[in-house]
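Both chains are given apart, each in its own frame, so use the hints to dock them into the complex.
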Amino acid sequence: MTTVSTLGLATTEPAAATLSPAEAAVAIRALTAADKTALMKIARLYARKTPYDHEDLLQEALCRVLAGTRAWPRHVAAVAFLWGVVRSIASEWKAQALERAPDAVDPDGEERRAIARFDVAKIVGLFADDPPAQAIVRGMLDGARGADLQALSGLGKIDYESKRTKIRRRLEKLSL
Amino acid sequence: MNRHPDPLDHLADGLAEDILDTPAERLLAEAAEDHDEPAALAAAFDRLATRAARQARPRRLADRIGALAAMLAPKRSWRPALAAVAGVAVIVVAGDLYWHTGPESELVPASAPAAVARDAAAPNAVAARPVPQPAPERRADAALAPAQPPAPTPSAASPAPAPPAADQPRRVKTVVIGSGGGPLNVAEAPLAGPRPPVTDDRLEALLDADLVRTRDRMAKIASLPPPSEEKAAGPPASRMQPLSRSGVAPQIPAAQSFDWPLRGRLLARFVPPGSRGANNGIDIAAPAGTDVRAAADGVVIYAGGAAKGFGNMILLRHRDGLVTVYGYASRTLVKTGDAVQRGQVIAQSGASGAASEPQLHFEIRRESLPVDPVPLLPPG
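From first to last, the protein sequence lines stand for chains W and X.
Going by the working numbering, the first sequence opens with residue 1, and the numbers climb by one from there.
Going by the working numbering, the second sequence opens with residue 1, and the numbers climb by one from there.
Just chain X, with the same shape it has in the complex (with noise of 0.2 Å):
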């Protein structure tokens, strides 16, 4: 801060000359004549002297400190550290994928909506993803049938798609939905290789393989022209629908339909996978232990905790290889292999997995991809 020049200041600046400028015998006569000692000063000093060293220490550590601290203050940005989790996340990530997209990763379970009916062109005899299955899911299901006429091979069953190649292993497990809304008639046509157990932990590996796996083929399905003659002969797809492999959206046969699991406010509509905010299904608002019943008649699929964010869900499979998701319930009262009916009570709504509040989470999947459930369901 500039001021004016003090006078004080000036007459202290010229005493100070002064006594700079008085030989030190002239300084200690004072000193004598002032304090009764010429070393009266001189010891004063020296006391001053000894406790400033003492106050200059921890000062001295205190500006190195000080120092240090400016030092390494533009290196503590967090984004070192965020750049290193996003890599460990990364290699996490890819890991999985390595570790779920081999061999293995094919096999999906049959319970999974990505393992359900995937061709449109044949949906009387449909080729799924080889399964790695827990013996009773398996034999839930092949008591689903016990009269039914001998399964057929996958070679038999019509246009499936390509087999496995012969150094993979596998399983495939062929599902055969029967024509005008007959009972399911599953059949299993073991191959070579063991079957390893399905777990909860697996499941939900493979759920989440499924989805970059769906991610993926929508990627796919963008880049390829749009067929003009099926959109020119068919109904406009809804919005809200994901396009399915052959570039249209999935197409619910007019027999199939489905109730309300619940009523209740919606908190959450149906955004297609891709999209910003995407959501695969509806979430509405229940309180918790409310009833959930079943969309439609159905095989109980997948009923567990293990998937991540819907905490506790159901996978009901149904007639024309379209599944239904029941997520975040308190409590599922089937288990996987019952065979239920519509409106039967299956679950309890509640808050767990990521929901924030009590509701149920509700999707229905088409070729492993999601649809918009609300125009499916009743009005109202």
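The shape of chain W in the complex, shown without the other chains (with noise of 0.2 Å):
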């Protein structure tokens, strides 16, 4: 489709594939309170070991997709999309802000991966008392996903997932 912009320049792009800024802005407005929640919990997740706070990063996110500098995929929908940028955004501000440290940190060097193993430890311990939890924590760490976490744990399904929200919501309120 070929639109023409405030300049008068016509320019081709690829609106079959994604949303333009006034359709991000729509589908944005349509979101529910429930999505809105877990962006802001999502936030607030990837917050962490950047320079800005989570509503920075969650108004940083929806400003690049409202200016249109983040192409939004059509068949994507708005909460996964907008988990993505954030999570993008996060991943770039973390990285400037390592490049930027005054004794400049390796970002692959040994003191980082010493100050994630601090990070790690102190997450681990948490859990102390609840060895499937630290089981399950010990596995997302690792990267695990899904039945492998399940499988970890030695849990069923019911105790698993509420042995899951149980973590979430333990990691939430400290804010780790």
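Mixed in with the good hints, there may be bad ones.
What the hints assert, rightly or not - Computed footprint of chain W on chain X, listed as stretches where at least three residues anywhere in the stretch have a Cβ under 8 Å from a Cβ of chain W:
hint : segment
1    : 6-16
2    : 27-34
3    : 46-53
No wet-lab data here; the hints were simulated from the structure.
Every residue, glycine too, gets a C-beta built ideally from N, C-alpha and C.
This is the structure in structure tokens:
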């Protein structure tokens, strides 16, 4: 589809594949309260280790989408897409923060890995009194998902889902 | 940048998946539990979305301006502009040449170097090009030889160039130069047609046209086979002297000698026309206000500041069809038609015209062609 911009320049964009900024704005306005709540929680998760808080992170994500600098594939659901944008910006900000660090910590260096191990140890230690939960957390930190995590916990489906909810809520309240 | 996966990123991804899998009611209940209001987080989201929309507008505009600049960037080359300027320059120059190479173009002032004697085979009687001359100059020329016999007509003046076409009303000026160092003998043979006055602007244009003709002539001369007999008979021509139309360097009569117009450091030597860095004369450094003296006896055929580049300039016509040129003067002390003596102060040096420092530009021309002045000047 050919559109005419405000500057009078005819531009051809793959509108069939992505939403225009106006369409993105409509999609964001159509989010439910639960969707918005989920996105606020997700932003809080990814804002850790960035120089800004979760509101800054989510606002930047929405701004990029509304400005059209983030192409929104038409087939991707709003929450899933915005989650990806938040995750991407958080990663970008963390990388920039590491590059600007006065001591220029090597992102792939031993120092960074040591810091990560310390954080991991701290989180794992939170669940020392709950071995199934600790096993699940360890699996999550290692990137395990779904059935693998359930197998690591040794729990049935219902208990596993209940345990994951408890883990999430505990970490949310501790802002970790 | 590829980084090792961060365990905390894995944890965040896992927790985010859990959040998305959580039923809406449960999420709202958690919000109410954490913030005492189920819609607290949703309201915060709306606030952020409003701010984001405000930020997005200028960002969108900036992005589009950037895109516009990127589109225009390849078109910002100076080449089209330079080509346009060059085209305009060519049109102006061609138009100027056309204008001055018609019948009018032949009206080179007798006062200009190009109008001085042209045929080495007949040095005593030369038909110069027709000239539109200002009345004062004509009167001055006539006053030079009031007691001379009646002026010969072009036909009586021995081998002169062919007269102009009948459909071109002209005024032919015949200059008869006395032999044996006698006084200049100037007479005019008026032809039909009005004579436009010569202004400084017109003189400038005519001088420019003369330079173009000189270059054309040089190119034709260069294509002629060398006259071996003349070369064998005569002395080796100076490499620095341009060839005349006969194929040999213009010979300066032994009787004609010149003095330095002033003394000073030589800033630039003579470089023949058509060569790289051509310089039709020499440039001599001199403090501003230094006296510039006539190199030989002669008549002022031009004194003014209209010639391009040379600022205040004086042209003196001497015996044997020689003309000396004095440029960059700060002040001229003679006027057109004045008879001057060798060594007479005719100007003061300066940095007028294109000169970057006080100096004198000095040329000697024969047959309208510049020759190297240095061999014709006293040594030292």
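Do the hints match the structure? See the list:
For the segment 6-16 of chain X, the proposed coverage by chain W is satisfied: 11 residues have a C-beta within less than 8 Å of a C-beta in that chain, meeting the threshold of three. Check on the segment 27-34 of chain X: 5 of its residues sit with their Cβ under 8 Å from a Cβ of chain W, so the three-residue criterion for coverage holds. Only residues whose C-beta sits within less than 8 Å of a C-beta in chain W count toward coverage, and the segment 46-53 of chain X has 6 of them, enough to reach three; the restraint holds.
When held up to the earlier numbered hints, the structure conflicts with none and fits them all.
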